[in-house]
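Engineer: All chains should be built: construct the whole structure from the sequences, respecting the hints.
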Amino acid sequence: MSLSRREFLALGGATLAGSVLVPSTVRSQAPKRGGTLSLRLWDPPHFDHMLTISYKTNILLSFTHSRLLRHKAGPHVQPGTFPLEGDLAESWTQSNETTYVFKLRKGVRWHPKPPVNGRELTADDVVYTMDRFLTIKGNANAYMLKSVDKVEALDRYTVRFTLKEPFAWFLDMLSSPVAVGIVARECVEKFGDLKKPEAVVGTGPWMLESYRPNTGMTLVRNPTYFLPGLPYIDRIEVTVDEDNASRMAAFLAGKYDLGWEFPGTINRTDWVQVKDPLKQKRPGLRTAEFPANVMSHISMRTDGKPFSDVRVRQAISLAIDRQELIDAVFEGVGVFNPPVPAALKEWSLPIDQLGEGAKYYKYDPAEAKRLLAAAGYPNGFPGTVCFTTYGSTVLVDSMQLVLKHLKEVGIGAKLDQKEYGAYISTCFYGKFDSMTYGPQTPFLDPDNFLFAQYYPGELKNQSHINDPVVADLLIRQRRTFDLAKRRELIHELQRYLAKQQYYVQVPSGVYVAVWDGALKNYGPNLGYDYGGRLVAAWLER
Amino acid sequence: MFRRYLAKRLLVAAPSLLLASLVVFTLPRLIPGDVVALMLEEKAYARDLAELRAKLGLDRPLHVQYFEWLGRVVRGDLGESLWTKRPVVEELARRLPLTLTLGLLASLFAVAIAVPVGVLSAVRQDTLRDYAARSAAVLGLSVPAFWLATLVVVLPAIWWGWRPVADFVELEQDPAGYVRQLLLPAAILGVAAGAAVMRLVRGMLLEVLRQDYVRTAWAKGLRERVVVLKHSLKNALIPVVTVLGIQVAQILGGTVIIETVFGLPGMSRFLFDAILQRDYPVIQAVNLVVVSLIVLINLAIDALYAVLDPRIRF
Numbered sequence: 008m009s010l011s012r013r014e015f016l017a018l019g020g021a022t023l024a025g026s027v028l029v030p031s032t033v034r035s036q037a038p039k040r041g042g043t044l045s046l047r048l049w050d051p052p053h054f055d056h057m058l059t060i061s062y063k064t065n066i067l068l069s070f071t072h073s074r075l076l077r078h079k080a081g082p083h084v085q086p087g088t089f090p091l092e093g094d095l096a097e098s099w100t101q102s103n104e105t106t107y108v109f110k111l112r113k114g115v116r117w118h119p120k121p122p123v124n125g126r127e128l129t130a131d132d133v134v135y136t137m138d139r140f141l142t143i144k145g146n147a148n149a150y151m152l153k154s155v156d157k158v159e160a161l162d163r164y165t166v167r168f169t170l171k172e173p174f175a176w177f178l179d180m181l182s183s184p185v186a187v188g189i190v191a192r193e194c195v196e197k198f199g200d201l202k203k204p205e206a207v208v209g210t211g212p213w214m215l216e217s218y219r220p221n222t223g224m225t226l227v228r229n230p231t232y233f234l235p236g237l238p239y240i241d242r243i244e245v246t247v248d249e250d251n252a253s254r255m256a257a258f259l260a261g262k263y264d265l266g267w268e269f270p271g272t273i274n275r276t277d278w279v280q281v282k283d284p285l286k287q288k289r290p291g292l293r294t295a296e297f298p299a300n301v302m303s304h305i306s307m308r309t310d311g312k313p314f315s316d317v318r319v320r321q322a323i324s325l326a327i328d329r330q331e332l333i334d335a336v337f338e339g340v341g342v343f344n345p346p347v348p349a350a351l352k353e354w355s356l357p358i359d360q361l362g363e364g365a366k367y368y369k370y371d372p373a374e375a376k377r378l379l380a381a382a383g384y385p386n387g388f389p390g391t392v393c394f395t396t397y398g399s400t401v402l403v404d405s406m407q408l409v410l411k412h413l414k415e416v417g418i419g420a421k422l423d424q425k426e427y428g429a430y431i432s433t434c435f436y437g438k439f440d441s442m443t444y445g446p447q448t449p450f451l452d453p454d455n456f457l458f459a460q461y462y463p464g465e466l467k468n469q470s471h472i473n474d475p476v477v478a479d480l481l482i483r484q485r486r487t488f489d490l491a492k493r494r495e496l497i498h499e500l501q502r503y504l505a506k507q508q509y510y511v512q513v514p515s516g517v518y519v520a521v522w523d524g525a526l527k528n529y530g531p532n533l534g535y536d537y538g539g540r541l542v543a544a545w546l547e548r
Numbered sequence: 002m003f004r005r006y007l008a009k010r011l012l013v014a015a016p017s018l019l020l021a022s023l024v025v026f027t028l029p030r031l032i033p034g035d036v037v038a039l040m041l042e043e044k045a046y047a048r049d050l051a052e053l054r055a056k057l058g059l060d061r062p063l064h065v066q067y068f069e070w071l072g073r074v075v076r077g078d079l080g081e082s083l084w085t086k087r088p089v090v091e092e093l094a095r096r097l098p099l100t101l102t103l104g105l106l107a108s109l110f111a112v113a114i115a116v117p118v119g120v121l122s123a124v125r126q127d128t129l130r131d132y133a134a135r136s137a138a139v140l141g142l143s144v145p146a147f148w149l150a151t152l153v154v155v156l157p158a159i160w161w162g163w164r165p166v167a168d169f170v171e172l173e174q175d176p177a178g179y180v181r182q183l184l185l186p187a188a189i190l191g192v193a194a195g196a197a198v199m200r201l202v203r204g205m206l207l208e209v210l211r212q213d214y215v216r217t218a219w220a221k222g223l224r225e226r227v228v229v230l231k232h233s234l235k236n237a238l239i240p241v242v243t244v245l246g247i248q249v250a251q252i253l254g255g256t257v258i259i260e261t262v263f264g265l266p267g268m269s270r271f272l273f274d275a276i277l278q279r280d281y282p283v284i285q286a287v288n289l290v291v292v293s294l295i296v297l298i299n300l301a302i303d304a305l306y307a308v309l310d311p312r313i314r315f
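Chain order of the listed sequences is A and B. Under our numbering, think of the first position of the first sequence as 8, with each following residue one higher. Under our numbering, think of the first position of the second sequence as 2, with each following residue one higher.
Fair warning: there could be bad hints in the mix.
[Unchecked claim] In silico SDA-like links for lysine to any residue, alpha-carbon gap of 25 Å or less: (1) A:Lys171 / A:Glu205; (2) A:Lys369 / A:Asp334; (3) A:Lys288 / B:Asp78; (4) A:Lys282 / B:Arg54; (5) A:Lys425 / B:Phe273; (6) A:Lys425 / B:Val24; (7) A:Lys197 / B:Glu91; (8) A:Lys312 / A:Ser441; (9) A:Lys425 / A:Asp452; (10) B:Lys56 / A:Gly199; (11) A:Lys120 / A:Val108; (12) B:Lys56 / A:Glu205; (13) A:Lys203 / B:Trp163; (14) A:Lys286 / B:Asp78; (15) A:Lys203 / B:Asp78; (16) A:Lys203 / B:Thr151; (17) A:Lys288 / B:Trp163; (18) A:Lys288 / B:Val24; (19) B:Lys56 / A:Ala429; (20) B:Lys56 / A:Phe198; (21) A:Lys288 / B:Arg54.
[What the hints assert, rightly or not] Derived CB-CB ranges, DEER-like: (22) B:Ala250 / A:Gln287: 36 to 46 Å; (23) B:Asp175 / A:Pro230: 26 to 36 Å; (24) B:Ala167 / A:Asp489: 53 to 63 Å.
For the record, the hints were derived by calculation from the structure and aren't laboratory data. The beta carbon of each residue, even a glycine, is placed where N, CA and C say it ideally should be.
Structural biologist: What follows is the structure in structure tokens.
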């Protein structure tokens with residue numbers, strides 16, 4: 008089955024109406040305290056979220072740590088949208104384009120664990136965290152807040168952020184579950200860093216009770232959590248299960264309450280196999296489908312021949328049979344991606360609205376050959392594609408198809424497969440000779456997809472783009488606080504980028520989020536914030 | 002005499018271990034590219050390259066690093082895991098017993114199946130039982146452990162909604178449960194080794210059964226059980242024991258997959274994760290332990306020859 012984006016959104020709406028919106032009736036039921044939720048998660052490399060970009064750490068800390076702001080969660084939130092709300096911040100104001108003042112909730116207590124022992128969280132903790140986030144060496148996410156000039160505690164419960172320049176995405180960055188979970192100075196001073204499980208002391212809804220390396224973790228309800236009565240779920244048992252067959256068997260046997268893959272989903276290839284047995288074994292299971300924000304693309308050295316010629320890049324885009332990719336690797340269910348992934352519904356422009364650039368998302372090898380000939384490459388050209396598997400068969404399959412498609416128009420691209428670490432330290436950061444193919448970090452905002460990849464000199468500007476039009480639009484959207492105007496700038500940018508094809512985006516799959524029928528008031532969404540999505544959920548067993 | 006032999010073998014083992022330690026130490030350093038840079042970018046194991054180099058002792062000449070590392074190893078210090086920040090010796094002490102128990106149970110399973118079936122197959126050569134046993138052995142050799150493990154885990158879940166893998170139980174919590182949870186993975190791990198050993202037992206026993214002294218035993222009117230088990234089997238077992246030693250090494254290698262499928266936090270999974278995490282000291286330490294174990298197992302096999310065949314003199 009293949010769907011156009013419009014059809015998909017229509018179907019998505021129907022799916023949501025059919026499954027996700029149903030719990031709105033449930034919300035009228037009285038929430039129930041207690042119970043144990045069972046999840047399959049991952050063994051984190053360590054627990055210091057400022058010293059790793061690992062989703063494994065960030066997901067775990069979404070249960071135990073709070074941020075200043077967070078994304079609203081629950082069955083009423085449409086997957087792919089991220090409305091903001093206060094977390095530790097009770098309210099906030101923006102006095103001018105570069106000044107934000109946050110009023111913190113009073114009476115927020117750290118987990119009753121040493122060395123912090125449940126003392127009250129204050130503005131100094133926020134200042135300390137921001138300072139550590141911005142200055143600690145090895146924080147690969149520090150760029151997200153590099154616009155911050157200074158952070159001051161105005162009083163015990165008030166924090167002022169002053170930015171170096173206007174940054175319209177600032178609040179989105181603060182609410183991102185990959186960024187600034189607030190940490191306690193005492194933990195850093197006692198343990199040197201926050202890598203050890205003993206250093207997992209936050210103000211979040213659950214506390215890390217035990218950590219069993221390679222095996223699992225237990226989280227227990229934080230009795231002093233600042234939102235009265237929450238969380239409802241008493242205990243979360245986390246299993247580290249590194250084998251897919253074992254995970255599938257465990258889910259069929261009713262062990263896990265959420266789908267075993269990120270973010271609480273089941274891979275469609277597995278889903279096709281298990282959905283019928285699941286109907287019998289777990290009839291109460293609930294599902295929702297929404298596009299994945301994991302988007303792969305081909306990046307090219309546009310600072311030299313042949314990729315400096317826009318016709319060559321357009322030819323590459325025309326050579327890619329996106330529908331075949333969807334059919335072959337996503338079981339026929341996927342979405343075409345413009346420069347902002349289709350998953351980010353509020354910002355992504357549908358392909359048919361990309362204007363003149365829309366035609367380059369069609370499969371047209373004859374036109375691709377014509378463009379290559381016009382660019383001076385009638386017989387194509389040789390090249391290499393830097394690649395790593397990420398341990399994903401989906402990625403390997405799509406890579407093979409991309410190579411086949413390129414070859415069909417005369418681009419004899421050789422696979423330059425690297426070990427993951429080598430790939431990340433070279434090709435991922437633009438250190439390659441010809442082309443690279445691979446997924447990008449699944450961010451929740453368009454700026455991280457656009458600015459980081461298209462602005463001159465940025466670390467993740469893999470295609471080495473230096474286009475004044477793009478740079479101007481990127482800066483302007485960052486300085487535009489009016490949401491509608493910013494959206495129009497992002498749309499304009501996507502229309503321009505569709506013509507330029509600095510990166511050739513390939514389709515994304517559509518997630519199948521699955522959760523146990525006993526889990527009420529839960530709404531799936533993209534992103535690492537498992538804790539945020541579960542804080543107001545309860546178990547009706 | 003035996004002690005002298007053992008001492009001699011240990012002396013021979015020492016250079017092997019020394020050579021192995023050199024390989025274990027040197028190989029990671031021969032990987033193209035700057036391992037330290039990779040580790041830093043990926044995992045932020047340290048604040049900067051210089052700190053990480055100093056932490057790993059990589060800021061000194063290679064031979065100095067090697068002898069320093071060797072000196073620490075001899076004193077029982079295998080370094081600190083970059084991942085868990087705990088001494089590697091501590092981590093191994095926690096995980097090695099599980100892998101050894103799994104390996105031991107798998108070997109016992111292999112022997113328990115292979116020897117009786119091999120003997121029966123040889124004694125009843127070219128009968129239906131023999132054909133069935135040989136076919137089963139070929140199947141056992143052909144079926145990869147990871148595939149068998151996957152089937153064993155998934156099919157019961159699909160058919161009956163039952164999962165044969167329980168949550169891991171520590172030895173101190175429940176000793177019986179600890180062993181119980183290892184039985185199924187050990188059986189799967191032992192299948193291939195069992196099949197190989199069974200075929201060898203059969204072949205060797207058939208050869209021995211055709212020897213003159215066995216014919217004499219038959220002529221003396223001894224019972225079949227005595228002829229086969231007392232006079233023939235012991236002689237047939239010497240090459241079998243040698244192969245068993247090789248199989249034990251393969252079983253240890255197989256634990257990497259089996260521990261992952263069954264969620265067992267053993268040493269092999271530790272190594273697997275360490276490779277993924279670029280946990281450099283752990284990779285070195287685990288490889289050294291595995292090499293040492295294989296050397297020791299081979300030593301034990303050599304010693305076993307004398308027990309099986311008193312004619313063997315050391």
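Engineer: For every hint, state whether the structure bears it out.
Structural biologist: Comparing the hints with the structure gives:
1. A:Lys171 / A:Glu205: violated, 36 Å
2. A:Lys369 / A:Asp334: holds, 15 Å
3. A:Lys288 / B:Asp78: violated, 51 Å
4. A:Lys282 / B:Arg54: violated, 50 Å
5. A:Lys425 / B:Phe273: Holds, at about 18 Å.
6. A:Lys425 / B:Val24: Given that 25 Å is the threshold and the Cα spacing comes to 24 Å, the pair holds.
7. A:Lys197 / B:Glu91: Holds. A:Lys197 to B:Glu91 sits at ~22 Å (cutoff 25 Å).
8. A:Lys312 / A:Ser441: With a Cα-Cα distance of about 9 Å, the restraint between A:Lys312 and A:Ser441 holds, given a limit of 25 Å.
9. A:Lys425 / A:Asp452: Violated, because 29 Å separates the two Cα atoms, which is more than 25 Å.
10. B:Lys56 / A:Gly199: With Cα atoms ~15 Å apart, B:Lys56 and A:Gly199 stay inside 25 Å; holds.
11. A:Lys120 / A:Val108: violated, 30 Å
12. B:Lys56 / A:Glu205: holds, 23 Å
13. A:Lys203 / B:Trp163: Roughly 36 Å between the alpha carbons, so the hint for A:Lys203 and B:Trp163 is violated.
14. A:Lys286 / B:Asp78: violated, 54 Å
15. A:Lys203 / B:Asp78: holds, 21 Å
16. A:Lys203 / B:Thr151: violated, 34 Å
17. A:Lys288 / B:Trp163: holds, 10 Å
18. A:Lys288 / B:Val24: violated, 52 Å
19. B:Lys56 / A:Ala429: holds, 21 Å
20. B:Lys56 / A:Phe198: holds, 17 Å
21. A:Lys288 / B:Arg54: violated, 53 Å
22. B:Ala250 / A:Gln287: 36 to 46 Å: Holds - the Cβ-Cβ distance for B:Ala250 and A:Gln287, about 44 Å, lies within 36 to 46 Å.
23. B:Asp175 / A:Pro230: 26 to 36 Å: The hint (26 to 36 Å, Cβ to Cβ) holds, given that B:Asp175 and A:Pro230 are roughly 30 Å apart.
24. B:Ala167 / A:Asp489: 53 to 63 Å: Since B:Ala167 and A:Asp489 have Cβ atoms about 57 Å apart, the given range 53 to 63 Å holds.
Checked against the numbered hints given earlier, this structure breaks hints 1, 3, 4, 9, 11, 13, 14, 16, 18 and 21; the rest are met.
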